[in-house]
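Residue numbers (the numbering used here), protein chains in the order written: chain A, 1009 to 1210; chain B, 1009 to 1210; chain C, 1009 to 1210; chain D, 1009 to 1210.
Misleading hints may appear alongside valid ones.
For identical chains, the list gives no copy identity; a pair is met inside one copy or between any two copies.
[To be verified] Under the rule of at most 20 Å between Cα atoms (straight-line distance), these lysine to any residue pairs were calculated in the SDA-like manner:
(1) 1038 <-> 1050
(2) 1057 <-> 1179
(3) 1139 <-> 1169
(4) 1038 <-> 1074
(5) 1179 <-> 1197
(6) 1010 <-> 1170
(7) 1178 <-> 1128
(8) 1132 <-> 1039
(9) 1100 <-> 1181
(10) 1132 <-> 1103
(11) 1010 <-> 1087
(12) 1010 <-> 1082
(13) 1057 <-> 1114
The set of hints was computed from the structure by calculation and includes no laboratory data.
Small disclaimer: the values here were computed from a predicted structure and weren't measured.
Protein chains: 4
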Amino acid sequence: MKIIEQTHQIIQKPNNPIQLIEQAGRTCYKSEDKITDDSAEIFAKKLVKLKHESVFEHVVVSVRFITNRGVTHELVRHRMCSFSQESTRYVKYNDMEFIRPVWWDKWTEKEQNIWIESMQNAEKAYLSLIKAGSTAEKAREVLPNSLKTEIVVTANLREWRHIFNLRCSKKAHPQVRQLMTNCCKEFKTFIPVLFDDIELHD
Amino acid sequence: MKIIEQTHQIIQKPNNPIQLIEQAGRTCYKSEDKITDDSAEIFAKKLVKLKHESVFEHVVVSVRFITNRGVTHELVRHRMCSFSQESTRYVKYNDMEFIRPVWWDKWTEKEQNIWIESMQNAEKAYLSLIKAGSTAEKAREVLPNSLKTEIVVTANLREWRHIFNLRCSKKAHPQVRQLMTNCCKEFKTFIPVLFDDIELHD
Amino acid sequence: MKIIEQTHQIIQKPNNPIQLIEQAGRTCYKSEDKITDDSAEIFAKKLVKLKHESVFEHVVVSVRFITNRGVTHELVRHRMCSFSQESTRYVKYNDMEFIRPVWWDKWTEKEQNIWIESMQNAEKAYLSLIKAGSTAEKAREVLPNSLKTEIVVTANLREWRHIFNLRCSKKAHPQVRQLMTNCCKEFKTFIPVLFDDIELHD
Amino acid sequence: MKIIEQTHQIIQKPNNPIQLIEQAGRTCYKSEDKITDDSAEIFAKKLVKLKHESVFEHVVVSVRFITNRGVTHELVRHRMCSFSQESTRYVKYNDMEFIRPVWWDKWTEKEQNIWIESMQNAEKAYLSLIKAGSTAEKAREVLPNSLKTEIVVTANLREWRHIFNLRCSKKAHPQVRQLMTNCCKEFKTFIPVLFDDIELHD
């Protein structure tokens, strides 16, 4: 058993996102003649202000998240996303990994120990079932929410805006909020004009 | 701790599904003058054969499923569905319920006991965390896939056809296959013309 | 050639929409024990305020619109809707109908006459092509935006709220705004609690 | 007035589509250790055979189509696509362009002349309305299906497979079939493994 931290890694991002957005967006107005070397950013900013967000859909970003299965049960409900997730039916675990809850330091030692022991029990039950002849898809019944899972999420920039607005909010579950806040910070760095306005709460 | 069986209950269904389908479908061809007292069934059957399935979208059915969270993690990925699910963030469990795996009788007594003990451990850990001051949304970390959950699923008839084709197949996980096979049988009873062709494997 | 006004007709609506919403919504909180004879409206109002709009997806309404093809080209882009529309490939027109633009009285007589003559020309060209042996799907090339079309639109209440917010706004095209404003007024009558807050601009 | 041919142009495509697909797809099975220099193509081919098509959603391609508004009225109904289309509300036409029907050579000279004259009449009516003071969004009422329009369509590879299967079929409208058949040929060239199996009918 290993306890690990949740992380994210951007595995696909466009070279010239706002140039593509300008190119698609100006199709609507037939104003391609207004494209200059530095017009894209101003154009994109205007679209944000006008809430003409459909144009942002032409650019996608893919992120690999390593997080727990409680978080992914929430995530996979987003409709305009694409997901490839580590399968508990086809993957048979030997060395099991669990995601350390983000509120770890706020838990008392007692709470920490209850969680650790619970993970140990779950791993033991899983391995015993496998040893007794159960397939992975049956043994998975005993796996807890904290189980580490990997998921590749591809979404367009309008959907990422929606995800970050929802999942970085104070109302979000702390585990998903931390994951998405860290991810959003990276989006703010490489496409600031489209993610500047998302509020984060560390 | 209680061990219960998974179930489904249809909570919303239309009065005259195939009449509504005929009414909508004939809009495409402007052939409303061909509507008679018994034309709807033949018309619907023709749409199935022609794969003009978009017309089936005008009728929805809502089902309340009581199943486990492993199953719902799969279910909620369907995009054209609407879901309202028992929240592990806002519901605090006292008397915990778990769903008996559908392959129960094929498990050895040893496997059954591993599962039972694992559920007992999970419940104990959850209640200890709550007692130690954790909120429900934090204590949920230790909850296993077998935890009972309730979910109301609303989908149109085209999507239900898609769900049953996918989830009643031999390739589906046995827990979701049993749930959906039982549900599909009921659909076959009240709208046979649209569900006759779905193959079931008990 | 006939000139007609655009209209809408609700052809499917639920009997107890807010009761169904309460039933589904309370699944999330497992608060079904709080259901009383008059709790549904208060519950639904609270969901609107909390923006917990996904629960509204369990109820659908179907509307038959008679409008023009310029309007439907906009409408069919809504993703969470289902459409069955009069086909210009399979319907062969004899007596052609056109939708009177909603700004008719603001047009000068000259503008009105240009439009009328243009419709007459389009009809004549279409009928000449058919007479010369063209199929409907080829002759349709000359049909104008003002051509009357029928479309059955089924959407859930969350999506209808989205449609009305978008299409009844001052920024919407006047033809679609009038159509949707009239339709929304009817929704406000039969499910006031969910449509009270939509602003209309006659 | 100008008569032009419909065309398409791919404006965004990935560098290593099948490598990205392998990377995402192997997340499901945790078989990343099987990645070699030439494993991606075999892996992708296997996904096609197994119909594990969701993995293809991680790669998007954007195409700019120049076609007519009859075609785009069909296209924009695809739900998993993103569209930016030349607006008839915000673009005011001076020199109007129309798309030559793909069956032009099969039409008799008489049919050709009816179409040409009809386009001339439509253009004249539009310009007269503008001259009489109508805005573009009002004058558009007289515009015909054959009007040239530009649309940028972004979709993932699973959706493109779906579009080509539907729109390149013999049942498709000839105008959309030609457009999509030409486009599909290009997809077959740069990602053969995913588009080999699409049947074309020139």
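Each hint, compared with the structure:
With identical chains, the CA atoms of residue 1038 and residue 1050 are at most 20 Å apart within one copy only, with a shortest distance of 17 Å there and 43 Å across copies. When the C-alpha separation of residue 1057 and residue 1179 is checked against a cutoff of 20 Å, the pair qualifies only between copies, where the shortest distance is 15 Å, while the shortest distance within a copy is 25 Å. In this assembly of identical chains, the alpha carbons of residue 1139 and residue 1169 never lie at most 20 Å apart, being 45 Å within a copy and 38 Å across copies at closest. In this assembly of identical chains, the alpha carbons of residue 1038 and residue 1074 lie at most 20 Å apart only when taken from different copies (13 Å versus 43 Å within one copy).
Proximity of residue 1179 to residue 1197 under the C-alpha cut-off of 20 Å is found in neither arrangement, the shortest distances being 24 Å within a copy and 33 Å between copies. Taking the shortest alpha-carbon separations for residue 1010 and residue 1170, neither the intra-copy value of 33 Å nor the inter-copy value of 39 Å comes in at or below 20 Å. In the homo-oligomer, the alpha carbons of residue 1178 and residue 1128 never lie at most 20 Å apart, since the shortest distance is 32 Å inside one protomer and 33 Å across protomers. Proximity of residue 1132 and residue 1039 under a CA criterion of 20 Å is satisfied in neither setting, with 64 Å inside one chain copy and 24 Å between copies.
In the homo-oligomer, the alpha carbons of residue 1100 and residue 1181 lie at most 20 Å apart only across protomers (15 Å), although the nearest pairing inside one protomer, at 29 Å, exceeds that limit. Proximity of residue 1132 to residue 1103 under the C-alpha cut-off of 20 Å is restricted to the intra-copy arrangement: shortest distance 11 Å within a copy versus 24 Å between copies. In this homomeric assembly, residue 1010 and residue 1087 never come within 20 Å of each other (Cα to Cα): the closest approach is 33 Å inside a single copy and 34 Å across copies. Proximity of residue 1010 and residue 1082 under a CA criterion of 20 Å is satisfied in neither setting, with 24 Å inside one chain copy and 26 Å between copies.
Taking identical chains as interchangeable, the C-alpha atoms of residue 1057 and residue 1114 are never at most 20 Å apart, the minima being 40 Å within one chain and 32 Å between chains.
In this structure, the hints that do not hold are numbers 3, 5, 6, 7, 8, 11, 12 and 13, in rising order.
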